[in-house]
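Trainee: Based on the provided sequences and hints, a complete structural model is requested.
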Amino acid sequence: MIHLTGQNYNARDIIKNIFSPLIGVLSSNQADEICHRNNLSFVELLQPFAKLPNDAHFRDVSGTSVSVRGLRLNFCDVEWRPPQTVLARKMLNESVTNAHNDKTKVATIADIDLELPTSEPWFEQWRETFLTVQFPAEHEFTRHLLSCLLVLSSADPQIVETAQKLTQRVQQMQSITPQKLPKWFQPTDVLNSYVVLHEASQGDLSKAQQGFELLKSTFGDNKCFLVSINSQETNTISDIPDHWTSYIKRQPKTDPMTSSELSAPKSPQEAVSVISMPAMQMSQLLDGAAAQENDLTMLHPLSPMQESATEAINSKFSISTESIASQTINPNVWANDLDADAPHGRCLAARDVDNLRHFVQDYAVRALIPYIEHLVAILSEGVTNKKGVSKSLLSATKRWFVTSKPGAGTNNQNAVIYTNESAELQTRKLGDLYFMFGHYNLAFQSYHQAKRDFNADSAWQYYAGALEMAALSAFMLGTAHRKTYDYMEDAIMCYLTVCKLQQFATRATLLSMECLKTARLYSEVAKQLIRMTSEESDLRSALLLEQAAYCFLVTHPPMHRKYAFHIVLAGNRYSRAGQRKHAYRCYRQAYQVFQQRQWSLAEDHIQYTVAKQAYMLKQLEEASRSFAHLLRPGSLQSAQQQSSFLKEYILTQNELLKRSPELGLLPHALPQVVQSSVRVLTLVQPPSAQPPQVPASNIDINSNLTADEAIWHKIEEMLVITAASNKPFVFKPSRYLFTKQQPATECPLAVQGEPIELAVTLSNSVRCPIALSDIDLLWRLTLDNEEVLSNQCVYEQSSDSASKLAVSAAIKTSCVASLDLAEQAEQLLHFKLTPKLTGRLSILGVICRVAAKAEPTASLLGLLQFETQRIKPTAAKQSSQTLLDSRLSIKLVPQVPALCVSFSPVPAELLAGEIVPVSITLRNLGISPIEEIYLGCDNPRCLTLLDQQQTELPLTMMSSLRDLSNDKLVKDKEIRRQRVFRLLQRPGLAALDAQQGHTISMWLQAPHVAGPFTLRLLFYYALPASVNAHIKYRLVRHIWQVQVQSCLQADATCVISNAVNRELGLDVSLRNVHTAQSTEVYINALSLYSKDYALKPNNLYIMNNMEICPGQAGNRCLKSAKCCSFQCRMQPKDEEQLQEKPNLKTLLRTRLSRLDVMPAQQLEQHAPQLQEPHSFLSNEETVFFNTNISTEEFNASIATYVPHATVALSWSALTRKDDVQRVANGVHFIKLFNLYETGSCPAVGEALLRRRPSTDETHHRREFQLPEDVGNEAASEPLADDDVADFWEPNEHYVSQRCILEDESFVLSARA
Amino acid sequence: MSTYYFVIVGHNDNPIYEREFSTANKEQRKEDQRHLSQFIAHAALDLVDEHKWKTANMQLKSIDRFNQWFVSAFITASQIRFIIVHDNKNDEGIKNFFNEMYDTYIKHSMNAFYKINTPIKSAMFEKKSDIFGRKYLLS
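One line per chain: the protein sequences are A and B, in this order.
Take the first sequence: its position 100, counted from the start at 1, is 100 in the numbering used here, and no numbers get skipped.
Each position in the second sequence, counted from 1, maps to that position plus 10000 in the numbering used here.
Derived by calculation from the structure, the hints in this document are not laboratory data.
All residues carry an ideal CB built from backbone N, CA and C; glycine is no exception.
Hints may be right or wrong, so weigh each one.
Unchecked claim - Ranges between beta-carbon positions, derived for each pair:
{"hint": "1", "chain 1": "B", "residue 1": "F10113", "chain 2": "A", "residue 2": "S803", "range": "49 to 59 Å"}
{"hint": "2", "chain 1": "B", "residue 1": "T10023", "chain 2": "A", "residue 2": "R482", "range": "55 to 65 Å"}
{"hint": "3", "chain 1": "B", "residue 1": "M10124", "chain 2": "A", "residue 2": "Q640", "range": "27 to 37 Å"}
{"hint": "4", "chain 1": "A", "residue 1": "G1011", "chain 2": "B", "residue 2": "Y10114", "range": "52 to 62 Å"}
{"hint": "5", "chain 1": "B", "residue 1": "T10023", "chain 2": "A", "residue 2": "L477", "range": "51 to 61 Å"}
{"hint": "6", "chain 1": "A", "residue 1": "Q640", "chain 2": "B", "residue 2": "Y10114", "range": "28 to 38 Å"}
{"hint": "7", "chain 1": "A", "residue 1": "L925", "chain 2": "B", "residue 2": "K10115", "range": "16 to 26 Å"}
{"hint": "8", "chain 1": "B", "residue 1": "E10020", "chain 2": "A", "residue 2": "T1014", "range": "55 to 65 Å"}
{"hint": "9", "chain 1": "A", "residue 1": "S803", "chain 2": "B", "residue 2": "K10115", "range": "47 to 57 Å"}
{"hint": "10", "chain 1": "B", "residue 1": "H10011", "chain 2": "A", "residue 2": "T1014", "range": "34 to 44 Å"}
{"hint": "11", "chain 1": "B", "residue 1": "H10108", "chain 2": "A", "residue 2": "E855", "range": "35 to 45 Å"}
{"hint": "12", "chain 1": "B", "residue 1": "A10077", "chain 2": "A", "residue 2": "R531", "range": "50 to 60 Å"}
{"hint": "13", "chain 1": "B", "residue 1": "E10020", "chain 2": "A", "residue 2": "G70", "range": "58 to 68 Å"}
Mentor: The following block contains the structure:
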């Protein structure tokens, strides 16, 4: 037996072991019995001791003594035959299958950590088996039996007869011609020696001695040996270590189940499915078949191919068919009659082992070496004698004149048949003998000679053999150089191309590999190994490719990319050979190089194979991980391919879950959670408003809080400060929406029993549509008593139904039932969670069932995990620590009062200046009363509240009464007063009791400027301090976004209507500028708010009524794009008699005067009376301070009062939108400052420009400073005032109007 | 029928541009070859790295072969590697193609928004390579 494994042999040892002298063994039945007591045969018994402990001395033909160090004898049963092809194939396969090495080492090459196996026992085992199962060949003699040992038992009474019988048997084998197996080195002259085994524990030594002496006298002294063994009883425990385990290789009794699982696939189809990508499977099978017919070499090296049926025939060993037919398998050698697992050598004591060792040495020195010396003498004599005597004249001439090359001449390799006695073979034999006994110098010479002879004879097989051995001799001698490596190269090429002997070429490559490795010529090794890969044997190709791959790693510089390629090729071959474990291992090793390098298709191939092999090996976790990788975003695979990946992924995951349900919820490979898209909203308005009531808009989860948020925060700040009433307070805006842009640095707060909204975007990265169902959120709730609840148990089979119920009662989740994701699409998913308990809630991920859209039945339940996001540090503070976003760990606090706000509907489109009544319904949904409610808004000009007891005058109106510059007014407080209202103020009572509702009326006026209009309302309500330490107050937001359409354009100018009595008149011209044709505008009344003047009640002069026509609601209306104008007269009022602090209502009453113009008769007028405090006149008169004005601006603003009069035009309009007619009421305000100065509403650009700070007039504190007040000299010329003159402009009124204007009498007569 | 697989490989052995040219139509082409081309091109990087110091030329000619596939390579001054895996000899065409692509690559790398070693995603580059591929490789 050849031993190459498990002993860390170096190259020399390996070659020595391969070419150790072969000794045949034939034992008698009794002797067998003795050995079997040790669970060993005689051959096996000797294995551990086959190496000579001491040097032997060998005398060569010239008489010089050569010391042979570490000679190893190769004992072999004479009945042993190399196994037949099929069996040999099976043995080779199993030698690889059964060899494992899970230990790895890490090699770092080019910054890649490669995990490599520490050793490759599968290769060593295979090599050993490969060399063992080879048939001895004709052209070489190293595998021929040199001598024979006949084993006898001392207990045999007729020991001599038995010996003779055995001798006869052996001689029969040796003398048969032509030679059959086993082959003998020198059949005519074989050394037959006799061994007598003596059982020390059983028989009498002296009796054994007697028999032995008898034997010696019959066969000769030097041929007989007595060995005493078995000095122990079987049942005693042996004190010697088991030397045999590492040497004896018996077929382990494999379980048929496991072997079929681990080794070859059952059918070619299965083999195909292991490796090919599914979608291409069919086409490839066809392709493969076609290609096979055409050209084998063109086949894709990584494509699956059926194992060639002819393989077995092709790779048959080069031995005559006759010998194969005659061979039988010796049951003693390969069958399992001896127990493989039982301990060996139970009867052997230490001294028995010594005896065996001694025997081997003794045999070699006393019998074998003298015999070898004898053989050497004979052979050298034969060689020298026949030297120069050529067989024929032809060959002689050839020898001298032709330098033939293998393959150059004729192809008939077996043309030359040498007899056993031919000089050429004698030389070769001599070389083999020298080689086996370590005399490499002479061996090289012999081989060299033989090589030349064979070459001359064109005996290529012989030639190759001699070359091979010559190269080995040189290596063993230590004189290997370029030329001798070339010998080996030539030998391989000759075997391969000329002789077509794959087996020998492979053997030569294996030998060459050892030599070249010793010489560190790794790239040569790789080259030779790669050359030996062929379509014939996948297993061999796989093993050699793997070795080649490792060679690339030890070259200088290491070629890790070549390694990766070849390990992939090896893996592919392994999988074709059915070696799944090795295929799996190889591909995984290759992946270490390819991972994260963007060689996408190569990576996919590796991952797919890994997945398939892992699946077959029942490593489902690995398999699904690899399948998951195949579904990664950015894959280049086709849609069809991806859908089959998805199918297999789902299948694998489901099987994994079935196998190990304890794994619970596995993360999904797809769809992906767009982690940055996770949004959490903790304040959700309960939908309690009854239509047509509109609930407060609050915050929408999908809203982008950008610039808006600053406005809300400002309002909130004003509210909080107002409510805190001067208590020191660090304002921090409360937050409800947490997104990527608004990260949560602290845990968001949510209230027990109130819903939390969560939105997340899922993205499907593959090219096939997928469907999600059974969507839920996975959460973990840590209660206040540190008890942990999670709904994970709902999805685990093991947990009981009671706990499931408890969990589902803790938090209610609602979401859409199913969701379809198109290929490579993204979709937003909304969740609503209602916690019923308090504690800390962590939202961990989305649970859903994923299925391919095409195959909805195969679905997989799993988890899409949320990852904690990192908050980008702001550029301002360069803190090194990374902040983690905590938007998904929410703190749940106990129930608090909850205010629900709803509004009556407001049309989406309003006319400019339109006034809309709005009722606000406030409802306390909580269980405790709300103490106080405040309302803040960003645009107080546009709203008035009905219940507000506005006793105080707005600052601007105050300043019309007296100078405020000496009042100590605080800017911020005044600003807050303008924008913050306290609602439902009930002295001594809470604003809103639990479960109580209240309605407040409010007026809303659209601005006079067309365009989009936004009004924000923020309701604030404080919580009782005792209820909750975390939340001090809560907020309700509402936002109106309205489109304002321009409707009425009004201009007014104060003129001197009568130059004689200097009566002042007011010219008003109006135009309906609404775009819709059907809109009708009615001017109801004109009011003048003035300190000094009042309207004359009966003087109304219509100057242009040409375009006035009857409308639906009255006789006189302005249709679209029509205009009219009129004039009214003013009279000065008496000096105002007001107390020191008048209230708003009185002030308004005193200053207002009213004139009906052309009212609509049939329309109800829903607008506050102008003299009411909540009319918009007071808002118009108020200067609303910008929140960020400076104190100087503020002070300047309150200190000045610009005298002016305000004209208010109340109008009604009928407007039609989508066939619904709507009545709108509104007021236009025009402020007039100077005589002949036109004021407009909506303000026209130039009119605004013309307003200038009339600094020099402020001290007059009178409106319409008439020139005649200063002096009469300017009476005839009303425009003498410089200031007024500055503003003189071309008269827009046409001539007739001008005439009428100038002659009042004419007008009167015209009316009459 | 001839096929060419052209790849530009960055400094981290990562492909930054991949392109296939083939005279065969879609059905004839084996899907399967695409990953094999990647394997071959990747394995050839070892030889490119070995050869690049041995010659002053940027053209490295045919440096490797695997079964019926040849590997030709070109290395830029900044050591970006151009590799073509092809199945028939066309030295002159490949040489011209490499030169033109080198030109195109340089222009593309001058773009301030392009980061070296990242995948090239440019319609212009795509178009150019298409033109040169048809001109030098497939004609």
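Trainee: Determine for every hint whether it applies to the structure shown.
Mentor: Structure-based check of all given hints:
1. B:F10113 x A:S803: 49 to 59 Å: Given a distance of about 57 Å, which is inside 49 to 59 Å, the answer is holds.
2. B:T10023 x A:R482: 55 to 65 Å: 45 Å, violated
3. B:M10124 x A:Q640: 27 to 37 Å: This hint holds: roughly 31 Å between Cβ atoms.
4. A:G1011 x B:Y10114: 52 to 62 Å: 44 Å, violated
5. B:T10023 x A:L477: 51 to 61 Å: 57 Å, holds
6. A:Q640 x B:Y10114: 28 to 38 Å: 34 Å, holds
7. A:L925 x B:K10115: 16 to 26 Å: 56 Å, violated
8. B:E10020 x A:T1014: 55 to 65 Å: 56 Å, holds
9. A:S803 x B:K10115: 47 to 57 Å: 54 Å, holds
10. B:H10011 x A:T1014: 34 to 44 Å: About 54 Å separates the Cβ atoms of B:H10011 and A:T1014, which means 34 to 44 Å is violated.
11. B:H10108 x A:E855: 35 to 45 Å: Holds - the Cβ-Cβ distance for B:H10108 and A:E855, about 43 Å, lies within 35 to 45 Å.
12. B:A10077 x A:R531: 50 to 60 Å: 37 Å Cβ-Cβ, so the 50 to 60 Å window is violated.
13. B:E10020 x A:G70: 58 to 68 Å: Holds - the Cβ-Cβ distance for B:E10020 and A:G70, about 59 Å, lies within 58 to 68 Å.
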